[in-house]
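The chain contents come next:
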Amino acid sequence: MSYTQKSRLLEMVITLIVLFNYMQSVLSMTPQAQMDVTLASGLLISLAIQTVAMLIVMHIILAAFNAKYANQAKDEREQSIALKAKSVSLYILQIGVVHTVFSMLIGPQYGLPISPLHQLVIVALLSDVIGKGVEAWLLYRG
Amino acid sequence: MAKLPITNTIRALRFEHGEMTQQQLAEIVGVTRQTIAAIEAARYSPSLEVAFKIAIVFGQPLEKIFQYNR
Chain A
1 MSYTQKSRLL
11 EMVITLIVLF
21 NYMQSVLSMT
31 PQAQMDVTLA
41 SGLLISLAIQ
51 TVAMLIVMHI
61 ILAAFNAKYA
71 NQAKDEREQS
81 IALKAKSVSL
91 YILQIGVVHT
101 VFSMLIGPQY
111 GLPISPLHQL
121 VIVALLSDVI
131 GKGVEAWLLY
141 RG
Chain B
1 MAKLPITNTI
11 RALRFEHGEM
21 TQQQLAEIVG
31 VTRQTIAAIE
41 AARYSPSLEV
51 AFKIAIVFGQ
61 PLEKIFQYNR
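In the order they appear, the protein sequences are chains A and B.
Here the first sequence stands for residues 1 to 142, where the numbers follow this note's numbering.
Here the second sequence stands for residues 1 to 70, where the numbers follow this note's numbering.
Okay, chain B solo, but in the shape it has when bound (with noise of 0.2 Å):
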């Protein structure tokens, strides 16, 4: 599947706060463990509630985790 144009740093995040894993953020923001899997790949642009929990999660702003490349 085509890589969307919406990248992050989210499997860097992980590791940096005491290397949580995708099912930890995946019960902490409220998705399923494939879900974090497919936005870590840029196979899926998630929703900006999820956007902003993962925000939340890290406790960093918005465009510090998700990058739009034109």
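Okay, chain A solo, but in the shape it has when bound (with noise of 0.2 Å):
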């Protein structure tokens, strides 16, 4: 396993664990509380935090595990997986905020019990880690 591929596999399973701790927030409050602009702007710094220590963190394990390769810049053929990987990253998030507008526009009749904003916040993660998840078995398929 290459060096880029762990390190995709490893920042996947970072942002599914963000993921789940921000979708938990979100579902264990009231539907007044997911609009108070405090507690969401409050939720987006401890995400960020979260995100940004569980990220160095895993790239300094990573790298003393693997000093060699840790400073080597992506090949021509990582670089063109990387790109496939985004544009997948990008399709599911311009799914999500299609589908938060929509929702935004039906209204309360609609049934899902998240905010539109933490909808938002919700789609960036999920389309980040399908991103790295098609990154990863990209690299893995050769």
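Bear in mind the hints are in silico, worked out from the structure with no lab data behind them.
Don't take every hint at face value.
Residues from chain A shown here face chain B by an in silico Cβ test under 8 Å; the list is partial [to be verified]:
| # | residue |
| --- | --- |
| 1 | 2 |
| 2 | 36 |
| 3 | 77 |
| 4 | 78 |
| 5 | 128 |
The following label-pair restraints were derived from C-beta to C-beta distances [what the hints assert, rightly or not]:
| # | chain 1 | residue 1 | chain 2 | residue 2 | range |
| --- | --- | --- | --- | --- | --- |
| 6 | B | 45 | A | 61 | 28 to 38 Å |
| 7 | A | 116 | B | 20 | 54 to 64 Å |
| 8 | A | 23 | B | 20 | 44 to 54 Å |
| 9 | A | 60 | B | 41 | 26 to 36 Å |
Quick reminder that beta carbons are idealized off the backbone N, C-alpha and C, glycines included.
From these two lone chains plus the hints, build me the complex, please.
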């Protein structure tokens, strides 16, 4: 398994953990609390801190065990795979944004118990998870 | 994954050059070992730059290493 592949897999796991934590916090809130700007910004800040801290620790550990490859730039095949994965990720994000706008237009009749702001954050995290998963899979497949 | 129409003789050339490993070739060319493995298995077509670098390593013209099968 290459260094890039390991790092993508671990990044995917970290983003998944952050996504589940975020979803748990959002789903435990009442609809009124979800619309509260202070609570939402606090949640976003904790999400950013969690992600950055875990990514830094992950990269330090990974680089310590793979010192030879840690500073190596991506080669042309890895770059083309990253582009393909990014396009999948952006496609998921587009669908998510359209879905959020649709749910905003329909309003409270729409069954999803999550406010549009949180829906957008969840979709962004989900698209990132899927993008990283696709990249790891394409790197594995060759 | 489907094989590409460009095949190559890198595997044979590596063995002719003192049983060079994929890792050694990758380090000379400046790509990862996985990329060399993918090129050898005809799952990835390298850029012209990488193809020329491989040709220089083996001291062969490009068309002796890479073949286009229609």
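How the hints compare with the structure:
no., hint, result
1, 2, "holds (5 Å)"
2, 36, "violated (48 Å)"
3, 77, "holds (4 Å)"
4, 78, "holds (7 Å)"
5, 128, "violated (23 Å)"
6, B:45 x A:61: 28 to 38 Å, "holds (35 Å)"
7, A:116 x B:20: 54 to 64 Å, "holds (58 Å)"
8, A:23 x B:20: 44 to 54 Å, "holds (50 Å)"
9, A:60 x B:41: 26 to 36 Å, "holds (34 Å)"
Hint compliance for this structure: hints 2, 5 are not met, and every other hint is.
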